[in-house]
Every structure is written in C-alpha cells, then in structure tokens.
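K.L.:
So you can see what is in the structure, the chains are spelled out below.
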Amino acid sequence: MTLTPHEVAVSQLATDQAVPLDRIKSLRFIKNNIIGNKTKKDLYIQLGIVSRLQDIISVKDDKDSQLKIQAVIVLGSFAFGNESNILALTNSGVVEPLLNCLNPSGDPKLIEAAARTLNAIYASPKASRHQLFMGNHLHVLVQLLDTFSSKHRPGQEIVQVHTAELVASILARCCETLEQQMQIADSGAIPLLMRLLASGISKSQEAALGALAALVKDNPELAQVIAQMRLEKGERPAPFILRLVRDKSPTMRLAAATCLTYLNRAGVIPEHDGDIMLIVLPILVKMLQLTGAVQEAAPQVLAHLIWESENMQKAVCDMEAIPKLASIISQMDEEDNVYGIVGQKDKLKENSLLALAAISQLKEDCRKQVIEAKVLSHIVSAMSHPAVGVRAAACQCTRSLSRSVKNLRTSLVDAGIENPLFQLLSDEDLGVLRSATATLCNIVLDVSPMKKTIMERGIVTKFVRMISYGDNVVRLNTVWAIKNLVFEAESEVKENVMRQFGYNNLVLLLNDSEPAVQEQALNLVRNLAHKREHDIEQVFKGLGNGQLLSIIEEKLSWDDPRLLEHALYVLVNIATGSEYHKQSILKRQGILRSVLRSMNHESAAIRVASIWVIINLTWPDDKVPHSVHECVTLLRNMGVEDRLLALNADHDLDVRDRVKTALHHFLMDQQQYGHNNGNGVPSDQTGSGNGRHGHSSSRYHDLQQQQQQQQDNSTSSSSSSGDAFGGGAGSSMDTTHIVTGGSGAGGHDRR
Amino acid sequence: MAKKAISKDDWSARLAEVQVDRDDLNKLIMNYLIIEGYKDAAEKFSQESGAKPPVNLESIQNRMVVRTAIQRGNIEEAIERVNDLNPEILDTNPKLFFHLQQQRLIEYIREGRVTDALEFAQEELAPRGEENPEFLSELERTMSLLAFELNSPSPVSDLLTPAQRQKLASELNSALLLSQSQEKDPKLPALLKMCWWAQQQLDERCTYPKIKDFTKAELVMEPMSTAGGSQGSSSSAVAGA
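Read top to bottom, the protein sequences are chains L and B.
Position 328 of the first sequence, counted from 1, bears residue number 328 in full-length UniProt numbering, the numbering being contiguous throughout.
Position 94 of the second sequence, counted from 1, bears residue number 94 in full-length UniProt numbering, the numbering being contiguous throughout.
For the record, the hints were derived by calculation from the structure and aren't laboratory data.
Where a beta carbon is used, it is the ideal one built from N, C-alpha and C, also for glycine.
One or more hints might be untrue.
Unchecked claim - Only part of the chain B face toward chain L is listed, based on derived beta-carbon distances under 10 Å:
(1) 48
(2) 57
(3) 74
(4) 76
(5) 127
(6) 128
(7) 132
(8) 134
(9) 138
(10) 183
(11) 186
Claimed, not checked - Straight line, CA to CA, 16 Å or less: simulated EDC-like cross-link-like pairs of lysine to aspartate or glutamate:
(12) L/109 with B/84
(13) L/40 with B/131
(14) B/167 with B/88
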C-alpha cells in the first residue's frame, strides 16, 4: 500500500531517523501544507502528528534548534485551526515543553517561535493556563519582556523586540482571574510593560496596552498602582495613553481605549473623566463603522465604558451609535439568511447586542431610539440563537428595554418576546438565566398585558424550579418576579400563584441566607396581604398566623433598615384586616415594642411606616368601637401617644402629617371615653366628632401602603392608588458585571 | 458670489515663507522607495542623503522576492517564502490565502493541465469555499475558465491577464507590510491627494495660482470666470502693476 505524501512526511519525523535534514524537509513540507488550510490540519492531526512534534521539541539538548523551530512553528499553525485542533494541542500536553523552549539560554529564534506558538494557543479560552503559573515559567516570561537586558545577544534586537511583544500578548491572554492578575503583577512585569509602552514601537506599545488592560480590568488595586506609575519622562500613563487613543492605527486606538476604559471604571483617573467623555467615547463609536477585529471588539469596550453611566449613555445616543449598531445587526441577519449561520461573526453580533443593552440601560430616550431603529425583531430572534453568548446578550437587551413602561405595552409584546423568553428560562447557561429572570421581573409588572398569558403557560412551575437553582441572583430575580406578579392582582391570581408555589417555599425564602432575597420575600407577603381582608386571611392560613407574625417579629428585631421597613408595611396591611387580624398583632408585645422603637428610628421612612401601623390599628370602626378603644388604651399605656406627641416636632413633613392623623385617633378616643389624663375635654357621645376619618365605611385603601417596585427604575410611574412608592430602591442585578453568558461562573465578562 | 483673488506674486511670496524641512523630504522619499520595494534605490539613497531607513532593508528584499515569484506565476514558491517570513500571515488571512490558491488554479488552467486543475480545485479550493461561503462566487468564476478556449476572449479572461497576478502581488505585499507593522500606503500619494482636495476647497472661495500638473508643479493663473469675474479681473490688473 502506497502511503500518501502526508503519511510519508509524518513518518519521517520519527526520532530514529538518522538524517535531521530530512526531518527538517518533512517539517517544512507539512508546514506549507497546513498553513491556511483547515482540512489539512485535521488530516495531519489524525495522522498523529502532535505527539511526534512533541517528541521533537522535548529533546533536552540544544543542538538541533532549527529542527525544533520548525516543529514549534507547525504546532503554532494548528492553533489557528478549529476547536478540535486546539483541543488536540492542549490535551496532548504540548504546552509544557513549549514553555521550556523559552529558556533564555537557548536560540533566540527558537524562543521567538515558541512565544509565537504559545500566544496563538492562548488565544483560545479553552486552552489551559495553569502550567504557565507553575515553576519558573512566569519568571522566564518576565525576563523576556526586558529588551534592554544585558543578557541579550547583540544583533538579535529585532527578534528580541518581537519576543517581548509576544510575551506581553501572552500575559494579556492569561490574565483572567484575580489570582492570575496578582501573580503576574508580583512577578515584576509591570515596570517592564511600562517600558514597552513608552518604546515608540507601535506593535510593542499595542501589546503592552493589551497586557496592562488585562491587569487592571476589575482590579482596583492594580489599577491604582498602574495609574500612579511614572513613565520615562515622568509622565503618568493615562495622559500618555490618551495620546495613543488618537493614533492613526485603529488597532492602537482600540488597545488604548480599552485600557483607559478599565482605568476609568476602576475610578483611578477621575481627573480624566472629561477626556474619556470627549475623546475616547466618540472614537469608540466611530470604530463601529470599521471592519474586522476592531469593529468586533469596539462595541464590547463601549458597553463596558458606559455601563451605569447616564451621561455617557446619553452622549453615545447623541452620537448616533444606535443606528450604526442596528445596521450591523440587521446586516448580519441578512447574511445569515443567505449563507446559513456559519458562526464566524457571532462575537460581533454578541458585542453589538451588548452595546445596545448598555445604551438603553438607563434612559428612556435611548430606549425609544432603539425601538425606532427597527432592530427589535432582530434582538428577539437572537434570543434563540445557537451561540450562548448571543442569547445572553440579546436577553440583556430586552432587559434594558423592558424597564420602560411604554415599551412593555406595545413594542416588546408586538415583537413576540414572550415565547423566546419563556424558553430561555430553561436555558443551561447561568448568565442567560440571570438576564432572563431579570427581564421577567419587569415583564410581569401590572402594566404588562403579558402577565396573564405568561401565567397561563405555567410560569409558576418554572419559578419553583428556579428557586432551588442554587444561584443567588437567579433566586433573587425569581422572588422579585413573583412579587411583581401578585402586585395588585386579583385574589384568584394570588391564590393560584401561591397554590402552585407553595407557602413552604415562601417560608424558606423569608429565611434565606441572602438579605436581599428576604427583603423581596417580605415584599411578596406585603403584596399578598394587600387590599382585601380575604387576601390577608389567605396569607394567615397559608403561613399559619403564628408563623407569619413570628417571622415578622423576628425581622423587626433586625438592624437592617430595609427589612425593617418591609416588615412594618406587612403589619400595616395586616392591620387593615379583620378584628382577628388586628388582635393577632396586638397580642404580641414584642411586635408592638418594635413598632414603638421604630417610631424613633433615624430613617424618616421607617418612622412613617411605624406610624402607619398605629394609624391602621387605631382606625375607628363603628362596628366594634370597644375593640378600638381597647387597642388605643393598650397603645397609650405603652407610651405610644406620648411618643406621637413628641414627634409633632419631627423635622420631616411626612412624619408630621402621619402623626397628626394618628393623634387624631387618640384624641377621638379620649373624647368618646374620657381620659384620666385630666385634659378636660368633654366627651362626645356620638363619637363622630370632628374626625374627618370618622366613618366606619371609610376606605382603608387610601391609606394603605402597597408597593410596586420595578427593577431599578427610578422613573417608574407609580401605581394607581395614592401613596404607592415608585421603586428605585434596589440597586440590583448585574450592575457591576456585564453578563455575557459564557461559562457563567461569576457572570464575569472575560473576553 | 465675490471671490477673493490672490495674485501670483502674492501667492509666491506666501509660499516662500513656508519652511519645509529637508529631513522631512528625505523621509518621504525613503518611505516611498521602501514601501514600493525599491531596495537598491533605497540603499543608494540612504548612502547619498544620509537618511536612515526605518526598517531593515533585508525585509524589502524578502518582499521583492515574493512579488517576483507571483509575477512569474510561481505561486507555490511565493507561499513557501511567505510562510518562512511569517507563518501567521496566511493562517490569519483567509481571503488572501484563497486568492493565492485561486491563482494556482489559474496557472494550472493556463498551462492546459486540466486534470491537475480539477483535482486541485476539488482538494484545495472546494474546502475553502465550504469554510467561507463568501468565496464561492469567485471560485465559480475561476472554474468557468475551464469552459472556454484559452486564447479566445471570454467573460472571465481577465483572470488570465498579468494584471490579475499584479493584483495578487499587491495584496500579498500589503499583508507583509502590515505584519511588519509598517503602513501599507506610501505617504507621497496621500500628500498629493491632500493638495488636490485643498485646491478644490480653495476654488470655491477665491482665484489663485493653481498647480494643474503635479509632475511640473507650475503655478498657473486660471482664466477669469464670468461669475464674479469683474472683481477678479480688476484686482489682477492691480496686482500686475
């Protein structure tokens, strides 16, 4: 059987070949076959070439450096192949011998080739990085960064400069966790990177910028260190990099903009805030119109820069970034339709969607622009994209858009977001789940017509699953969503939800390890117990009134003002219920003492809440006047009236208003039943006196507190009845991390 | 619309005030020679003017060898040289690699080696088309060369011209320059374009001595246009005095 030339070439690599020259010839033959050619790469890997190459480069002596160099180069070419090629490389354990080839005493050309190959391997996120941090390797790498070292041989300057660039790029790619960042910093790399930065050689500068950016990303400590360093002429890095951000080379501009973005986010260059806004931001927006790698990366950097910043989001809107992004996305969809989804441009789509999500995060105007750009249908279809990153980014988009009340009603529904969103709730990726549940929170708000349909689809069953998912953010979002779902809902809806969800689950949430989850769970109780006596009764029955009030009593004893406030409002709602409900509260000394104590809390909101409890408990009711009297007496004896009188002088207007109402109840009681306080006010038999609230049929709901909280939307319109608190409290999900839905472990955006 | 008029003397006087650094001039010339690949000229110029080449002149040599190989139709040799110079270029430039393979196919067809051509197309080019669907139309075009007589004109006979090789050679040269982190465009043409554009802008605002032929660089006063001409002619009369 005749062998193909390829098989011949591979067999010639065997170590028992006497003539190294033949082996070099074979290597060059193989090299020229596989470079640029994916099918040939597959072919050779199947022929078992990787282990042969590994044998060659693992040889200890320094004799055949040319042989090793060619072998290293061939290995590097496989790193440009598809995923299985790269896996073949890393699984074979070829990284360690490659790292050994970096030995400074070896042939500089071999060192350069090994650095190039390693850099190509590390371009893949799947390649394992831990070998680099073991043994002496990091130390060797840092040595190679030093282009001025006296150890270098003369005449090899160009090779050494190239090597330094490659090492900087390797460090940038292996710098993903906090630990890795700190290890690299500890190895002394930073001053050498600074020198590369100031070297005046563009490729070196770009590589240095990449490494520095990777070091300061999400690392305030290193960001501070680097921002405070001085370059050769005494200048600090930031102004220097600001000049580079205007370089004629787009890759340089991108590298500089990325570095500045991370420094800015770490808050270590506040003196340059204006520059970031006026210089860096427009440059990033302009990059959207380029092509290739720069266009692909720019939207992600942009998203990172403007996240959580209203000013920057508005500015980017004004720069017409939205139409540019919209055209990128819709053009890609067109190409996908023609060629089928090949997957090469997935990253560009993902990043563009992320940018849209960031731009429409906080400002209603920006959201409007996104809708007007007619890109919504593409966003919705991207929610079902095969690539997980694209799905997660699309979901982030819908989340940002769903914060708008108007949008909920019209555009999102019309675009058919419900189906894909529902599907995403079963996605395996954590990042996607987080975004999807957050979007869901807003979708199920009262103003949304989707509320009904989504319940019919069995959303509550999904909720139950997600509660036990084991991720804090998902759990929090889920409780939040349920809370919004039952807000101002019909009794039937509330019962339906709780029947499927189960009160036992609610108890678990009320005792959750995360205070934020507890807060939402309390809110949920508050919304359940709102509006109708029947609803309150349901909660009593579901939780068991003993348990409900025990839980409340416990929350009231916490120091956490948020929990305190919500617990008080649960009481406020319960106190609008039947006699039985009120008595349950009044029987508990612990609760009453906590309420009394809260009337002196430093937060006005809590003082107000506690006074509301008093108001509702002492509400005059012609049907059971004696009960009311008993209640008033009880409270008076505890010192509530005296406390109220003292609060007449409170500096908060809201507090003073509530105090007036509460005191009025006490006054009326005093008038009706007399009072051993000796005030001598004649009692009024009818008891309807001058109280404007004297009617037993007065509607409680005007004064009852209910809460609607929209996901971090401080501009949400309040609900129908009077004193609803329009949300805005929760700083909430994913404010510091842009979730890309990759491997998901801390939702960290790493590419 | 009244246009301001500037006389030739006035213009020349202003021009004389502008300082142009000799060093800058030399750099411009060196830049042109290097990018276009005139290695010997660059060396001589460096010797005679004292201008230092910003790059290793060896690298020019390398680029020139590659260019020559392509111009001669030795595509395989060109590929090998490129891979020796920088093994990452063709791995990171699928379009360029496709064009190189495409040219190999064209060379097979030109030599009448039809069977070889078909085999090559199947083994090497079809997979490229699968990996990158956007190359398919170019591939089809090249394949259709096989349907026509070599020496008669056809809708695709442009593929057989030297210009096709030239195009490829420039594409490859640019990629090599970029990988050596040099710009791929010389500065001199850009400056001329700038000059041309500036003159167009100025045309809307005034009449003045223009350069109409860059090789001569003579200042020529335009004949007066009729619109707003009366003012122009009177001032030129004054200027002449």
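K.L.:
None of the hints should be skipped; say for each whether it holds.
P.N.:
Each hint, compared with the structure:
Annotation: interface hint on residue 48 of chain B violated; nearest CB of chain L at approximately 25 Å, more than 10 Å. The criterion of a C-beta within 10 Å of any C-beta in chain L is not met by residue 57 of chain B, whose closest approach is roughly 13 Å, and the hint is violated. Here the hint on residue 74 of chain B is broken, as its CB sits about 13 Å from the closest CB of chain L, past 10 Å. For residue 76 of chain B, the shortest C-beta to C-beta distance to chain L is roughly 8 Å, which falls under 10 Å, so the interface hint holds.
Because the smallest distance between the Cβ of residue 127 of chain B and any Cβ of chain L comes to about 4 Å, under 10 Å, the interface hint for this residue holds. Checking residue 128 of chain B against chain L by beta carbon gives a least distance of about 8 Å; that is within 10 Å, so the hint holds. For residue 132 of chain B, the interface hint holds, since its Cβ comes within 10 Å of a Cβ in chain L; the closest pair sits about 8 Å apart. With its C-beta approaching chain L no nearer than about 7 Å, residue 134 of chain B sits inside the 10 Å limit, and its interface hint holds.
Given hint, residue 138 of chain B at the interface with chain L, is violated; its Cβ is 14 Å from that chain's nearest Cβ, farther than 10 Å. For residue 183 of chain B, the interface hint holds, since its Cβ comes within 10 Å of a Cβ in chain L; the closest pair sits about 8 Å apart. Nearest Cβ of chain L to the Cβ of residue 186 of chain B: about 14 Å, over the 10 Å cut. The hint is violated. Under the criterion of a C-alpha separation no larger than 16 Å, the hint pairing residue 109 of chain L with residue 84 of chain B is consistent with the structure, at around 12 Å.
Using a Cα cut-off of 16 Å, the hinted pair residue 40 of chain L and residue 131 of chain B holds, with the two alpha carbons roughly 13 Å apart. Proximity of residue 167 of chain B to residue 88 of chain B is assessed by CA-CA distance (about 21 Å); at most 16 Å being required, the pair is judged violated.
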